Amino acid sequence: KAGVTQTPRYLIKTRGQQVTLSCSPISGHRSVSWYQQTPGQGLQFLFEYFSETQRNKGNFPGRFSGRQFSNSRSEMNVSTLELGDSALYLCASSLAGGPGDTQYFGPGTRLTVL
Amino acid sequence: DAKTTQPNSMESNEEEPVHLPCNHSTISGTDYIHWYRQLPSQGPEYVIHGLTSNVNNRMASLAIAEDRKSSTLILHRATLRDAAVYYCIPGGSSNYQLIWGAGTKLIIKP
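Top to bottom, those sequences are chains A and B.
With the first letter of the first sequence counted as 1, position 48 gets the number 48 in my numbering; the numbers rise by one all the way through.
With the first letter of the second sequence counted as 1, position 63 gets the number 63 in my numbering; the numbers rise by one all the way through.
Just so you know, the hints here were simulated from the structure itself, not pulled from any lab data.
Here the structure is a predicted model, which means the values were calculated and not measured.
The C-beta atom is built at its ideal place from N, Cα and C for all residues, glycine as well.
Treat the hints with caution; some may be incorrect.
[Stated by the list, open to error] From the structure, some residues in chain A lie toward chain B, with a derived Cβ separation under 10 Å:
no., residue
1, Val4
2, Gln37
3, Gly42
4, Leu43
5, Gln44
6, Phe45
7, Leu88
8, Leu90
9, Ala92
10, Gly98
11, Asp101
12, Thr102
13, Gln103
14, Phe105
15, Gly106
16, Pro107
Using the sequences plus the hints, can you model the full thing?
Following this line, the structure appears as structure tokens:
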């Protein structure tokens with residue numbers, strides 16, 4: 001079974017621009033979560049989608065948004081990029097996002113904001 | 001929200017057992033305890049999880065204290081490939097795997 005894939009793997013943007021990252025979950029998985037990882041803050045939860053609905057949201061500004069499609073693929077968007085948005089963005093999928101479900105992570109998208 | 005406390009780093013010799021502790025004294029009765037690890041330049045990967053009983057799989061064992069306030073991840077015979085940051089994550093219906101601490105950086109010495 002193919003793992004979680006994320007595209008692109010690397011991205012360089014300038015301040016003020018916007019960016020869209022894509023995540024394809026494992027086949028059959030309906031829950032997709034997004035995380036931001038930086039050296040200073042560690043791994044921080046952004047949001048979780050299940051059946052095209054945002055079910056959980058972390059403490060990030062409204063510039064960070066996401067969506068999930070009917071095939072469970074998900075995208076996240078960051079508008080008006082700031083230098084501090086430079087990070088590794090990780091996507092994880094699970095069957096249903098329940099307490100006992102295992103999350104499977106993709107390799108991440110490395111975003112650099114100049 | 002349940003919070004966890006883990007040592008910042010630990011060292012172990014290759015081919016010796018490793019015991020990685022985690023304190024989760026505020027965990028609720030329905031929260032699972034998940035362990036993930038992150039190798040350099042990779043996304044986290046699942047290691048093991050449990051609710052009340054000790055658990056074993058091909059990668060590791062998880063020993064959960066009777067009061068569930070702490071748990072220990074056991075790598076029976078560490079290899080250099082086990083060098084990673086290990087995260088202990090509580091997973092419940094209200095905060096499913098939302099809170100990730102700094103984890104424990106495991107250093108394996110050859």
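How the hints compare with the structure:
1. Of the supplied interface hints, the one on A:Val4 holds, with its beta-carbon coming within about 8 Å of a beta-carbon of chain B, less than 10 Å.
2. Because the smallest distance between the Cβ of A:Gln37 and any Cβ of chain B comes to about 9 Å, under 10 Å, the interface hint for this residue holds.
3. Here the hint on A:Gly42 is kept, as its CB sits about 5 Å from the closest CB of chain B, short of 10 Å.
4. Below 10 Å, beta-carbon pairs count as interface contacts, and A:Leu43 has one with chain B at about 4 Å; its hint therefore holds.
5. For A:Gln44, the interface hint holds, the least distance from its beta-carbon to any beta-carbon of chain B being 7 Å, beneath 10 Å.
6. Interface hint status for A:Phe45: upheld, as the beta-carbon distance to the closest one in chain B is roughly 4 Å, under 10 Å.
7. A least Cβ separation of about 8 Å between A:Leu88 and chain B falls short of the 10 Å threshold, and the interface hint therefore holds.
8. Among the interface hints, the one on A:Leu90 holds; its C-beta lies about 5 Å from the nearest C-beta in chain B, closer than the 10 Å criterion.
9. At about 8 Å, the closest approach between the beta carbon of A:Ala92 and any beta carbon in chain B falls short of 10 Å, and the interface hint on this residue holds.
10. With a least beta-carbon distance of about 7 Å to chain B, the hint placing A:Gly98 at the interface is held under the 10 Å criterion.
11. With a least beta-carbon distance of about 8 Å to chain B, the hint placing A:Asp101 at the interface is held under the 10 Å criterion.
12. Satisfaction of the interface hint for A:Thr102 is found here, the shortest Cβ-Cβ separation to chain B being roughly 5 Å, below the 10 Å cut-off.
13. Residue-level restraint check for A:Gln103 holds (minimum Cβ-Cβ distance to chain B is 6 Å; threshold 10 Å).
14. A hinted interface residue such as A:Phe105 counts as satisfied when its beta carbon comes closer than 10 Å to some beta carbon of chain B; here the least separation is about 3 Å, so the hint holds.
15. Interface hint at A:Gly106: satisfied, since its Cβ lies 6 Å from the closest Cβ of chain B, which is below the 10 Å cut-off.
16. Nearest Cβ of chain B to the Cβ of A:Pro107: about 5 Å, under the 10 Å cut. The hint holds.
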